[in-house]
Amino acid sequence: MKSTTPARSMKRSTKPDAETLERMLYYLKLTRESELRLEQLLYRQGKIVGGVYVGRGQEAIGVGAALAMRPGDVTLPCHRDFSVFMIRGFSLADIFANWLARGDAPARGRDNTLHMGDLNLGVIPIISPLGATLPVACGVGLVLQQRGNGNVVLTHFGEGTTSLGDVHEAMNLAAVLKLPVIFICNNNQFAYSTPAAKQFAVKSLALRGPAYGMPGERVDGCDVLALYDAVGRAVERARAGKGPSFLECLTLRMAGHSAHDAAEYVPEKLKLAWAKKDPIHRLERFLLARKVMTKRQIEELHKRVHQEIDAAVAQAESRPLPRGEEAVEGVYCEADCWWRRPPSAVHGPSSVATGTGQRTTHD
Amino acid sequence: MALLTYVEAIRQGIWEEMERDPSVFLLGEDIGAYGGAFKVTAGMLEKFGEDRVIDTPISESAIVGAAIGAALMGMRPVVEMQFMDFIACGFDQIVNMAAKLHYRWGPAVPIVIRGPCGAGVHGGPYHSQSNEMWFVHTPGLKVVAPATAYDAKGLIKAAIRDDNPVIFFEHKFLYRRVKEEIPEQDYVVPIGKAAVRREGTDIAVITYGAMVWTALDAARELEKEGLSLEVVDLRSLLPYDEETVLASVRKCSKVILLHEDTRTGGMAGELAALIAEKAFEDLDGPILRVTAPDTPVPFSPPLEEHFLPNAQKVVEAARKLASY
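Chains as they are written, first to last, in the numbering used here: chain A, 1 to 363; chain B, 1 to 324.
To be clear, the hints were calculated from the coordinates, so they are not data collected in a lab. Among the hints, erroneous ones may be present.
Taking lysine-lysine and the DSBU-like style, the derived pairs with C-alpha atoms no more than 30 Å apart in a straight line are [to be verified]:
id, chain 1, residue 1, chain 2, residue 2
1, A, K178, B, K278
2, B, K320, B, K278
3, A, K178, B, K39
4, B, K47, A, K242
Which stretches of chain B does chain A cover? Using the computed rule of at least three CB atoms under 8 Å from a CB of chain A, they are [unchecked claim]:
id, stretch
5, 171 to 180
6, 311 to 317
A few chain B residues that face chain A, going by a derived Cβ cut-off under 8 Å, partial list only [as the list claims (entries may be wrong)]:
id, residue
7, A42
8, G43
9, L45
10, K47
11, G49
12, D51
13, M75
14, N131
15, W134
16, T138
Positions of the beta carbon are idealized from the N, C-alpha and C atoms, including for glycine.
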C-alpha cells in the first residue's frame, strides 16, 4: 500500500502550474462558501426543501480529481462532489436552481441535490442507491476503451457505499475487461451514523484494489495536491491501457450526514484533529509559502467568490417553479421528446443544459 | 420466406440489427464462445467480433449497469439474462437507474434486456418464472412478450430501435415449438399494439406469451360446442393496447383474462380494472381470470401441471361464463 507523498516533496509529472494552483483554491473556496450558503442560509430559511448534503472538509477530492480530467473524459460525481459540477461547466446559478427545485434547472425539478447531469459536459449523476453508478461507469469505460482516444471515466463514492454488491461487481468487471475506470472512494469515516469500523473489516479499503486485480492507493483526502497527483497517475495508467485503479481518499465528514443531522456521534476530538487538516487552509499556506499568491490576492478571491455566489443565488431564486402538470411529462424518450423542448419558463439568457449529446434514432 | 422457429427468429432479428447498426452490441453470460445457453447468439462472436459480443462474469447488476453506461455514450446494448429469473439480481439497475434516468435529467437509455421466461419445462422455481409485472409496474420501462415467431423477430427489432429501456420476455416453451414462415425483408412489429389471433363473437380471451396457444387450443375445443372465442394477443404489456382490448370486449360482451403469471398483481388485474372502468356498460357477465395460483413455480411434474393454466381450465371458465 502506497503512502501519501507530502506536497513539499512531490516529484512526478503531475505538478500543477501556478494557474492550476489558483484554480484549485478558487474552486475549493467556491465549493465551501456555496455549500455554507446552501446549508446555513437557504435551507434554514426554508427555501430548500428535502435533504441538503454537503461535502465540508472533503472539497479537495472533487477539485483534485476534476482538474485531472481532459476533454472527452467522463465523471460520475456523488452528492458531496459539488466542485466537480462547476469544474465541468455547470453554471453556479444552474446548480443553485437545481437545489431550489426550479422548473428550468438541469433536472427541471424531477430530482434534487446534485442529481443532475449533462452528457455534453461529461457528467453523469448518481441515483440515491449509491454504488449503482459504478457499473454504469464500467459501461462508459467500455465505450471509451473501444473508441481508443485515451479517454477515461472517474466514479466517486463513499466508504459506506463500498459495502454494496454493485461496487464489487463493478470493480471485478473493470479489472477483468481492463477498463479505464478510476474508482475514487471518499472515506470520510462515517456513513450517516455508521463509523468505518462497523462498515468494513479490512484494514484499509485500498487493499481491495489488488484484491480485485488493480492498483490500490491510499491518499490524504484533505491534500488537493496529493489528490491531483494520485488521480493524475491513475488517469495516466488508464489512458495507457493499463486498466482501472482504486483510490481511497481519507477525510472526515465535517458536517452531518445531511443538514438535519447534528452528528453528535462524531467524537469532538476527531473533529478538532481533522479541522487542522482543512484542505483550504493547507493550500493557502502552500500558495503563500511558495509566493504563488499574496495574502491580499487570497482576500480578493474570497470577496469575488462571495459576489459570485450572491449573483448566482439571486439569479436562481428569480426562476419559476415547474408547473404541476409537467409531472407526467418526459417519462419516455419518443420522437417529440419533452426533454428536447426548452423548459417551460426560461428567463433571459439561461444556461440550462438540455442536450443529451447522444445519437438516437430521431436525431 | 424461410420457416423459422421462435428462437431462430429472435436470433435472426438480433443478427440483422447488428448488421444494420454498428452501435448495437451484446453483453451476457456464455453468449460469445458458447453461443448462449439457448444458442440465440450462436455464430455472432465469429461474425461480429469480441468488441460487439461480450462474455461477462456472473454479475447481472454490473452487466445491466454497464449497458446503461454504454447507452449513455451513444451505443445500443442488448443484454441477455440467461434466464429471466436472474433479472432480479439486476433489479436496482433496471428500476432505479434505467427506468428513471430519462425522467430525471433527459438522456435516452436505449437498452434491451432479453431472456427466456416461463414454465412447462420442469425448470423449477428459478428457471420458470413470469416476472414481467415487476417491470410493468415501473414507469419508464417498456415490456414486451411475443407469442409468435414473426412477432418475436419484429419485436426484438423494434425493441433494439426503441430509445427507451425495453424488457423483452421470450417464452422458453415456445422456443422450438412454434414455427412460422418469416419474410426475408426487414420488418418491425410496433411496440404497444395487440393482435387479434382469432376472431370470435361470444367470449374475448385476452392473453400473451405461451398462453396465446393455450387459448387457441381452447377455442378449437369450444367451437365444437358452438361457442365462439376471440383471442387477443397483447404482445406488449407496457404500453399495452387499450383500444384493441376494449374493442374485443365490446364486441363479445364477455371476457376471460388469461396469463401464466400468478394471480395477485398480475396483468389480468390491471386489465379487469380497465374493462370495468371503460366497458362496464358493454359487459354481460363478470370478468373472469384464468391464471396460475399465488405460489412459486413448482418442479415435480404433477405439481407444475396443477400450477399451470391449460386449455381445459380455459374451456371450463368459458363454459361458466357462457351460461351467465
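Hint check results:
Using a Cα cut-off of 30 Å, the hinted pair K178/A and K278/B is violated, with the two alpha carbons roughly 55 Å apart. Of the pairs offered as hints, the one joining K320/B and K278/B holds, with about 23 Å between alpha carbons and a cut-off of 30 Å not exceeded. A distance of roughly 28 Å separates the Cα atoms of K178/A and K39/B; the hinted pair therefore holds under the 30 Å criterion. For the given pair, K47/B sits about 28 Å from K242/A by alpha-carbon distance, which is consistent with the 30 Å threshold.
With 0 residues having a beta carbon nearer than 8 Å to a beta carbon of chain A, the stretch 171 to 180 of chain B misses the requirement of three or more and the stated coverage is violated. Judged by the Cβ-Cβ criterion of 8 Å, the stretch 311 to 317 of chain B is not covered by chain A as claimed, because only 0 of its residues qualify and three are needed. Restraint check, A42/B versus chain A: the minimum CB separation of about 23 Å is more than 8 Å; hint violated. Hint status for G43/B relative to chain A: violated, with the closest Cβ pair at about 21 Å, above 8 Å.
The criterion of a C-beta within 8 Å of any C-beta in chain A is not met by L45/B, whose closest approach is roughly 15 Å, and the hint is violated. With a least beta-carbon distance of about 17 Å to chain A, the hint placing K47/B at the interface is violated under the 8 Å criterion. The beta carbon of G49/B comes no nearer than 11 Å to any beta carbon in chain A, farther than 8 Å, and the hint placing it at the interface is violated. Because the beta carbon of D51/B sits about 6 Å from the nearest beta carbon in chain A, less than 8 Å, this interface hint is met.
The interface hint given for M75/B holds, since its Cβ lies 6 Å from the closest Cβ of chain A, which is under the 8 Å cut-off. Interface hint status for N131/B: violated, as the beta-carbon distance to the closest one in chain A is roughly 20 Å, over 8 Å. Residue-level restraint check for W134/B is violated (minimum Cβ-Cβ distance to chain A is 16 Å; threshold 8 Å). At its closest, the beta carbon of T138/B sits 11 Å from a beta carbon of chain A; the interface hint therefore is violated under the 8 Å criterion.
In the structure shown, a violation is registered for the earlier hints numbered 1, 5, 6, 7, 8, 9, 10, 11, 14, 15, 16, in ascending order.
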